[in-house]
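Enquirer: Based on the provided sequences and hints, a complete structural model is requested.
Taken in sequence, the protein lines are chains Z and D. Going by the working numbering, 145 is the number at position 145 of the first sequence; the sequence numbering is gapless. Going by the working numbering, 388 is the number at position 141 of the second sequence; the sequence numbering is gapless.
Certain hints may be false.
[Said to hold, decoys possible] The list that follows gives simulated cross-link-like pairs (lysine-lysine, DSS-like), each with its CA atoms no further than 25 Å apart:
no.	chain 1	residue 1	chain 2	residue 2
1	Z	Lys141	D	Lys306
2	Z	Lys21	D	Lys421
3	D	Lys302	D	Lys350
4	Z	Lys43	Z	Lys122
5	D	Lys275	D	Lys306
6	D	Lys306	D	Lys350
7	D	Lys350	Z	Lys12
8	Z	Lys219	Z	Lys208
9	Z	Lys201	Z	Lys219
10	Z	Lys43	Z	Lys21
11	Z	Lys208	Z	Lys122
12	Z	Lys141	D	Lys275
13	D	Lys318	D	Lys421
14	Z	Lys12	Z	Lys43
15	D	Lys358	Z	Lys201
16	Z	Lys219	D	Lys358
17	Z	Lys141	D	Lys350
[To be verified] Residues from chain Z that face chain D, not an exhaustive set, calculated with beta carbons under 10 Å:
no.	residue
18	Leu26
19	Pro27
20	Phe82
21	Leu134
22	Val135
23	Leu137
24	Arg140
25	Val142
26	Lys158
27	Leu163
28	Phe169
29	Glu174
30	Ala230
31	Met231
32	Arg233
[What the hints assert, rightly or not] If you want the footprint, here are the derived chain Z segments under chain D, 3+ residues with CB under 8 Å:
no.	segment
33	5-13
34	94-102
35	237-246
Please keep in mind that the hints were generated in silico from the structure rather than gathered at the bench. Predicted model, so just to flag it, every value in this text is computed and none were measured. Ideal Cβ placement from N, Cα and C applies to all residues, glycine included.
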Amino acid sequence: MKHNAISEGLDKTLSFLSEIKQINTLPELTTAAARATAEYGVKRILAGYIPRSGMLPNDQLRHVLLADWPEQWADIYFHNGFLFHDPTIRRVLNASPTFSWSELSKAPDVVRNERLVMDRAKDFHLGNGCTVPLVALDGRKVGFSFAGAEIDDAPDAKGVMTLIATFAFGRAIELQTNAARASAHLTPREREVIAWISAGKTDWEISKILGVSEAAIAKHIFNVRMKLGAMNRAHAVAEAFRAGLIT
Amino acid sequence: MIEIVTMRHAAEMEEAYNLRHEVFVEEKGWGDLARPDRREIDQFDNADAVHMICKRDGKVVGYQRMLPTTKPHLLSTVLSTLCEVDRPIGPHIWEWTRYCVSKSHRERGRKLSPVANELLSGIVEWGLATGVDRIVIEMEPIWLLRLVQLNFMVTPLGIPRQIDEEDVVAVIAKFDRRTLEMLQLMRGNTDQVLVTPDRVTQTGRDHLWEAHHA
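Expert: Dropping the structure here:
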């Protein structure tokens, strides 16, 4: 059978793919992703869902799944709301293809605040990097950043980082979901709301039945979704039944 | 509901070619597929192709095409540079192409839409019934995570390349009952989506019948 030569990059990706099947913790996964991309100059990893604008620092941190960033920088970054002035985040929200930070610093649309964030990052040897935008099944945007003082951003290197990021984050979601479900505990109110949903009631109807606002119902459903790692409402109801949390 | 249509379903095929034109030529800007009659048709729309459509209110709003890897297909011809390993070929491996959902039936914020779920469920049901268990896909890497989360076991066949200013990667994705289960969980029901008295699924039903009574 005719085939092209297998590249070093694909070889590396395939070994990573088989390696992560044996990995069962998020820190080990972070280390493995950094090791798999070390030859491109990668020293640090930060990957997570992008929080909504204006979210508090502690809530922002909960969106991070994989990270080995210098603690001091993480502190500065989250407590100063840098996330909302980070030019990489804007590109992730636009679901653009994988990009390197060096192409970013030349981009004409980067504003002063954004340059400040990039300059501060240099103090922590995070001057260069490559960010892979991903879209999760529930529509949430994911940013997966590889950083270091010097990063190889040739097309092949970017391609490998794109694949490594995808498989690492896929495994991270799986691990997080398993852990969340194993310890999931619904409040009586959450159980009530899910039971009404499975009975076919709308948010508005449930809000009337329970005498609370429609927004409160939506919030309960969101919390249940997060506890059960469910992609949508139907999925949350199904998982709640399966886990025996409602009957 | 997903129907498998052939050239005999002239009206549906016509709508499908128009939808393909809207999505791939007008929206994605794949100019070399453009035809003045606004029907997007290529050399792979032959007797071997399996066309699947999803209708809403009598209109075709979702479409995908399966091509056998035992015959010429995209990875063996126009996109062969995307594959660095031995090309996966066999009766149980088909190539998934031209997947599209009409703009009117997509979800806001890139969530998996009900039509998209049905199309994917259609592939898995069709595969489980006919003995197909893997699909070859050429796609934008940004959507890969979605397949992984749906319990498709994805293996890249090469690293992503830029073709006509778009990043594309070729992968092979294996699926099984867990894939279908995940799609059903997201839909909130276990109804079969595939409905057609066509030859292909008829054979499939016979297989299922045998499997149940084996």
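Enquirer: Just pull the numbers of the violated hints for me, sorted ascending.
Expert: 1, 7, 11, 18, 19, 20
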